[in-house]
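Protein chains: 4
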Amino acid sequence: MNNLKLVSKSLPEHNSLVQLSETVTFGGQEITIIGGPCTVESLEQMETVASKLQAAPVQAIRGGVYKPRTSPYSFQGLGEAGLEIFATIKQRYNLPVVTEVMAIAQIESIAASADMLQVGSRNMQNFDLLKALGETDKPILLKRGLAATIEEFVNAAEYILSHGNSQVVLCERGIRSFDNYTRNVLDLGAVAALKQITHLPVIVDPSHAAGKRELIAPLAKAAIACGADGLIIECHPEPEKSVSDARQALSLEAMIRLVHSLQPIAAAVGRTVALPTRELAVA
Amino acid sequence: MNNLKLVSKSLPEHNSLVQLSETVTFGGQEITIIGGPCTVESLEQMETVASKLQAAPVQAIRGGVYKPRTSPYSFQGLGEAGLEIFATIKQRYNLPVVTEVMAIAQIESIAASADMLQVGSRNMQNFDLLKALGETDKPILLKRGLAATIEEFVNAAEYILSHGNSQVVLCERGIRSFDNYTRNVLDLGAVAALKQITHLPVIVDPSHAAGKRELIAPLAKAAIACGADGLIIECHPEPEKSVSDARQALSLEAMIRLVHSLQPIAAAVGRTVALPTRELAVA
Amino acid sequence: MNNLKLVSKSLPEHNSLVQLSETVTFGGQEITIIGGPCTVESLEQMETVASKLQAAPVQAIRGGVYKPRTSPYSFQGLGEAGLEIFATIKQRYNLPVVTEVMAIAQIESIAASADMLQVGSRNMQNFDLLKALGETDKPILLKRGLAATIEEFVNAAEYILSHGNSQVVLCERGIRSFDNYTRNVLDLGAVAALKQITHLPVIVDPSHAAGKRELIAPLAKAAIACGADGLIIECHPEPEKSVSDARQALSLEAMIRLVHSLQPIAAAVGRTVALPTRELAVA
Amino acid sequence: MNNLKLVSKSLPEHNSLVQLSETVTFGGQEITIIGGPCTVESLEQMETVASKLQAAPVQAIRGGVYKPRTSPYSFQGLGEAGLEIFATIKQRYNLPVVTEVMAIAQIESIAASADMLQVGSRNMQNFDLLKALGETDKPILLKRGLAATIEEFVNAAEYILSHGNSQVVLCERGIRSFDNYTRNVLDLGAVAALKQITHLPVIVDPSHAAGKRELIAPLAKAAIACGADGLIIECHPEPEKSVSDARQALSLEAMIRLVHSLQPIAAAVGRTVALPTRELAVA
Numbered sequence: 001m002n003n004l005k006l007v008s009k010s011l012p013e014h015n016s017l018v019q020l021s022e023t024v025t026f027g028g029q030e031i032t033i034i035g036g037p038c039t040v041e042s043l044e045q046m047e048t049v050a051s052k053l054q055a056a057p058v059q060a061i062r063g064g065v066y067k068p069r070t071s072p073y074s075f076q077g078l079g080e081a082g083l084e085i086f087a088t089i090k091q092r093y094n095l096p097v098v099t100e101v102m103a104i105a106q107i108e109s110i111a112a113s114a115d116m117l118q119v120g121s122r123n124m125q126n127f128d129l130l131k132a133l134g135e136t137d138k139p140i141l142l143k144r145g146l147a148a149t150i151e152e153f154v155n156a157a158e159y160i161l162s163h164g165n166s167q168v169v170l171c172e173r174g175i176r177s178f179d180n181y182t183r184n185v186l187d188l189g190a191v192a193a194l195k196q197i198t199h200l201p202v203i204v205d206p207s208h209a210a211g212k213r214e215l216i217a218p219l220a221k222a223a224i225a226c227g228a229d230g231l232i233i234e235c236h237p238e239p240e241k242s243v244s245d246a247r248q249a250l251s252l253e254a255m256i257r258l259v260h261s262l263q264p265i266a267a268a269v270g271r272t273v274a275l276p277t278r279e280l281a282v283a
Numbered sequence: 001m002n003n004l005k006l007v008s009k010s011l012p013e014h015n016s017l018v019q020l021s022e023t024v025t026f027g028g029q030e031i032t033i034i035g036g037p038c039t040v041e042s043l044e045q046m047e048t049v050a051s052k053l054q055a056a057p058v059q060a061i062r063g064g065v066y067k068p069r070t071s072p073y074s075f076q077g078l079g080e081a082g083l084e085i086f087a088t089i090k091q092r093y094n095l096p097v098v099t100e101v102m103a104i105a106q107i108e109s110i111a112a113s114a115d116m117l118q119v120g121s122r123n124m125q126n127f128d129l130l131k132a133l134g135e136t137d138k139p140i141l142l143k144r145g146l147a148a149t150i151e152e153f154v155n156a157a158e159y160i161l162s163h164g165n166s167q168v169v170l171c172e173r174g175i176r177s178f179d180n181y182t183r184n185v186l187d188l189g190a191v192a193a194l195k196q197i198t199h200l201p202v203i204v205d206p207s208h209a210a211g212k213r214e215l216i217a218p219l220a221k222a223a224i225a226c227g228a229d230g231l232i233i234e235c236h237p238e239p240e241k242s243v244s245d246a247r248q249a250l251s252l253e254a255m256i257r258l259v260h261s262l263q264p265i266a267a268a269v270g271r272t273v274a275l276p277t278r279e280l281a282v283a
Numbered sequence: 001m002n003n004l005k006l007v008s009k010s011l012p013e014h015n016s017l018v019q020l021s022e023t024v025t026f027g028g029q030e031i032t033i034i035g036g037p038c039t040v041e042s043l044e045q046m047e048t049v050a051s052k053l054q055a056a057p058v059q060a061i062r063g064g065v066y067k068p069r070t071s072p073y074s075f076q077g078l079g080e081a082g083l084e085i086f087a088t089i090k091q092r093y094n095l096p097v098v099t100e101v102m103a104i105a106q107i108e109s110i111a112a113s114a115d116m117l118q119v120g121s122r123n124m125q126n127f128d129l130l131k132a133l134g135e136t137d138k139p140i141l142l143k144r145g146l147a148a149t150i151e152e153f154v155n156a157a158e159y160i161l162s163h164g165n166s167q168v169v170l171c172e173r174g175i176r177s178f179d180n181y182t183r184n185v186l187d188l189g190a191v192a193a194l195k196q197i198t199h200l201p202v203i204v205d206p207s208h209a210a211g212k213r214e215l216i217a218p219l220a221k222a223a224i225a226c227g228a229d230g231l232i233i234e235c236h237p238e239p240e241k242s243v244s245d246a247r248q249a250l251s252l253e254a255m256i257r258l259v260h261s262l263q264p265i266a267a268a269v270g271r272t273v274a275l276p277t278r279e280l281a282v283a
Numbered sequence: 001m002n003n004l005k006l007v008s009k010s011l012p013e014h015n016s017l018v019q020l021s022e023t024v025t026f027g028g029q030e031i032t033i034i035g036g037p038c039t040v041e042s043l044e045q046m047e048t049v050a051s052k053l054q055a056a057p058v059q060a061i062r063g064g065v066y067k068p069r070t071s072p073y074s075f076q077g078l079g080e081a082g083l084e085i086f087a088t089i090k091q092r093y094n095l096p097v098v099t100e101v102m103a104i105a106q107i108e109s110i111a112a113s114a115d116m117l118q119v120g121s122r123n124m125q126n127f128d129l130l131k132a133l134g135e136t137d138k139p140i141l142l143k144r145g146l147a148a149t150i151e152e153f154v155n156a157a158e159y160i161l162s163h164g165n166s167q168v169v170l171c172e173r174g175i176r177s178f179d180n181y182t183r184n185v186l187d188l189g190a191v192a193a194l195k196q197i198t199h200l201p202v203i204v205d206p207s208h209a210a211g212k213r214e215l216i217a218p219l220a221k222a223a224i225a226c227g228a229d230g231l232i233i234e235c236h237p238e239p240e241k242s243v244s245d246a247r248q249a250l251s252l253e254a255m256i257r258l259v260h261s262l263q264p265i266a267a268a269v270g271r272t273v274a275l276p277t278r279e280l281a282v283a
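Chains as they are written, first to last, in the numbering used here: chain A, 1 to 283; chain B, 1 to 283; chain C, 1 to 283; chain D, 1 to 283.
Certain hints may be false.
[What the hints assert, rightly or not] Label-pair ranges, simulated between beta-carbon atoms:
#	chain 1	residue 1	chain 2	residue 2	range
1	C	Y73	D	S21	53 to 59 Å
2	A	Y73	B	G79	32 to 38 Å
3	C	N3	B	E22	41 to 47 Å
4	C	N3	A	S10	36 to 42 Å
5	A	R247	C	N3	45 to 51 Å
6	B	Q19	A	S51	54 to 60 Å
7	D	S16	A	Y73	30 to 36 Å
8	A	R247	C	S16	36 to 42 Å
[Said to hold, decoys possible] When the alpha-carbon atoms are kept at most 30 Å apart in a straight line, the in silico DSSO-like pairs for lysine-lysine are as follows:
#	chain 1	residue 1	chain 2	residue 2
9	A	K241	B	K52
10	D	K5	A	K212
11	D	K212	D	K5
Don't read these hints as lab results, they were simulated from the structure. Everything numeric in this text was worked out from a predicted model, so none of it was measured. By construction, the Cβ of each residue, glycine as well, lies at the ideal position given by its N, Cα and C atoms.
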């Protein structure tokens, strides 16, 4: 890994924190969990998601308003209308918002409504987008490309940092392989490697890796066990009705159960998962 | 291949022509060859290339002025200064110019200096760039992504056509595999498939596939034998001094020999390769 | 490519001949074509195939009697009964026979009935089988593993040669990738590389690479254009009724047309394809 | 997954036990750990390994005596002399022995000295070997092929079971990808899937997946978190002097530390890891 000036570790214990909100941080002792649907479909949908996930608790809510779709004739996302939904959600619920930015022209409006800008896999080497995001002061969630090497991945982050923004979280989300039983192959060796190479927080997206909801819980546990700092997981009030990626979305109930089940694994590696507010309330 | 409205063939003999200049076309009976360096380094370099390739003859000259580099600290291309070199080359030599566009903001200035805008592999699913290029009237050279399926590739072209620009040439340039003996694996099965799926011209880049100059000639011949409509090949006045991709660049002399050697293969599949002007002059 | 003592070239023009029969050789000026069904199903089937292919002409006939099947419950081949069919075919038609050997225990009986022993992709690194075949005096057709590097492939051949048998022909048959539009990805860069690394003849199997009969002809042409010494192609009297690989088998008529169409490509690279006997008879 | 009669689960809670010795079982509540060098080099080496690992404790010792090597000129293993070392080790230490069988002819002698026969990745679809192992009464450790799909993997196990031997343990050991930072990509999604598809025990080899010793601990933890029933890990008294795979071998001290560190992860998923005998002795 030559040529890395800003993302590489000076010492094994060198780990950066990326601040998502006053109370939510990536890279600390607490595992940071982002949940939400693949696509923002309506205010009602997002209110249902936010109210349930807030109590789970997850630390942030996700949802796509600009969607990278293989076909130009597939639903491309609600766009500006989706950003307005986010504004409402942020006002009513105490949940930071994460959403994908696909173009430089979208940065300003998305940054006004969202707390973290996601660079999707297909844009991991969209270098002009990376440079532009390097000039913002928003936390960036950088997803690994579908066939990006670890070296290319950390260099993509280096683009953002070298343009001035050090608030970058890396996300392993599975790489392409010859086997289509799972949608992609979750590369936890890359997560372990990234934690040794870079001081940036590293999270894992088991949903896009698995492509099948019944595989998500074991992969989420594995991710935390191998050192991931967080998770981003797709969930939906009615998974089978999701406009995209229905096969991999968890129900909100399954999402809550999953979050709870992660606590012992986190503890086993010296980390914590936040406890549910209702349980706290009872206590 | 559902969802394709504009790029798919109605009949086996349905083949579109893409016009690069008054005299240069992709998709006709003549094989169209694009040559030139990976990176535009200086006017002197490009004049040497243009004068030699004009006589080869090749039909168009390529060179990168905005370069997608893995590291932010690698040379990023001459940018505007490179476009000025192109303007000079176009004035002095009768060669259309092909160069890569990496961002929407570059389209206008590149379109003013170049005849064909290349979308690089890393941007094949940069959908906002594809949409913006769909609103231009310039021919587009769309390179296949490093791990893009054939279905994703033709859908990327569909994005451009569905936004109004039907002047798209597809380029197979090798896909990622487990073997690093070659830089990538040239997928000529994809070329054969594309010629059956779509009416768009399909060309092949053996240079990025092979990554080694000694493998380029056999792959160029194979590409034409399996039905490719053209080639894009890296060559340089002093390959070993190339600022990028030195290992895969042909010398200009080797490039000229290669072009000549393609004529019998083209003839064997009912196509032609243009004859050198000096030989014509002699005759 | 360290560690290669026997398979590597001393000089670019160093090319070995592998003798299949008195009149059939791999590695000479003439392209050597092997045709036949995936699986030997009956004497009647093989007689139909042999009589048609003899006139095509192809130089050898193939067919599996021991079949490597993913499931233990799939048809495993006719075994000894298939070898008897081969004995009859060899007696009645002037066609050498190529068939797969899956185990050391099969070598003796197969060697008595067949002229060339094929090592299938799944056994390319079955080193004990390679060693045992190295101790026979039969020509070996060594197919590349599904995910074998070029280096592993030539080292597998080195196993055979180092045990005493120098009659080895390499066969590129496609490697695994992320795209399932084609069954595998035909790696003609490997063919070009192998022709530079080793003096052994190299042939191509476009049938298993493509997995779709309509892609076989362009890939066969590409293979010859890039320097392959021969082809092995699946064909069947009634492709849609084939007990295995039905989707990729050519009809015998399509096979004959394909063989004829290869002549101009072969000529373009200084090779020949044998002319049909009936045309010779007419002339 | 059609065509599976014997390896598939009838119910989610259907999990088979594979008995390695009177006290060692795969598939129960206790995680089963196999340790040892890539290659058996000497009796002294194996005594050192056995005495340390016995106290770790690990449940079984591994070591190759027949080695699948890419080159015929690489050390091929001690063969019979290695089996004698195993006989001595078994007599002196209470550790079952696991070693690779590469050919049918080796089965009898290996079965006399070893407790479990390993089928290596290169032989996963050596169907005649699978059938022959199906006729033994020894536990089989079946490693996934380098590019085998999950479906092919479970079908390979089905070959063994359908020939009479139901004592099969599956081992995920990484698959080939485009990135050479890790030697292979550990596919824990496959482990999660296998635990849902089949009742057979599933273990993980993080050593061959990672190829770098510093990545083994996090991957071992991840494997257990996602439901693996055991681990097989390479370790060596002097890793840097190992005759093969030196880069990925743990020191014996690191191996012991790793085993201890797995206990909390195992507990978090309702499993156990055996406690060290010396600690027990102290207590």
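Exercise. Holds or violated: K5 (chain D) with K212 (chain A), Cα cutoff 30 Å?
Worked result: Distance ~24 Å between K5 (chain D) and K212 (chain A) Cα, so the pair holds.
Exercise. How does the Cβ-Cβ distance of Y73 (chain C) and S21 (chain D) compare with 53 to 59 Å: does it lie in that range?
Worked result: Given about 33 Å between the Cβ atoms, the range is violated.
Problem set entry | Range agreement (Cβ of Y73 (chain A) with Cβ of S16 (chain D), hint 30 to 36 Å) | 48 Å, violated
Exercise. Would you say the C-beta atoms of Q19 (chain B) and S51 (chain A) sit inside 54 to 60 Å of each other?
Worked result: Holds, at about 57 Å.
For this session: Confirm or reject the claim that Y73 (chain A) and G79 (chain B) have a C-beta distance inside 32 to 38 Å.
Result: Between Y73 (chain A) and G79 (chain B), where Cβ atoms are some 36 Å apart, the hint holds.
For this session: For R247 (chain A) and N3 (chain C), compare the CB-CB distance with the range 45 to 51 Å and indicate the outcome.
Result: 47 Å, holds
For this session: Given the range 36 to 42 Å, decide if the beta-carbon distance of N3 (chain C) to S10 (chain A) lies inside it.
Result: Holds, since N3 (chain C) and S10 (chain A) (Cβ atoms, about 40 Å apart) stay within the stated range.
Exercise. Would the pair K212 (chain D) and K5 (chain D) pass a check requiring their Cα atoms to be no farther apart than 30 Å?
Worked result: Violated. K212 (chain D) to K5 (chain D) sits at ~38 Å, over the 30 Å cutoff.
Exercise. Has the given pair, K241 (chain A) with K52 (chain B), been kept, meaning a C-alpha gap of at most 30 Å?
Worked result: 61 Å, violated
For this session: Could you see if the CB distance from N3 (chain C) to E22 (chain B) stays within 41 to 47 Å?
Result: The hinted range 41 to 47 Å is violated for N3 (chain C) and E22 (chain B), with Cβ atoms some 56 Å apart.
Problem set entry | Distance restraint evaluation - R247 (chain A), S16 (chain C), Cβ atoms, bounds 36 to 42 Å | Check failed, 53 Å falls outside 36 to 42 Å.
In this structure, the earlier hints numbered 1, 3, 7, 8, 9 and 11 are contradicted, and the remaining ones agree with it.
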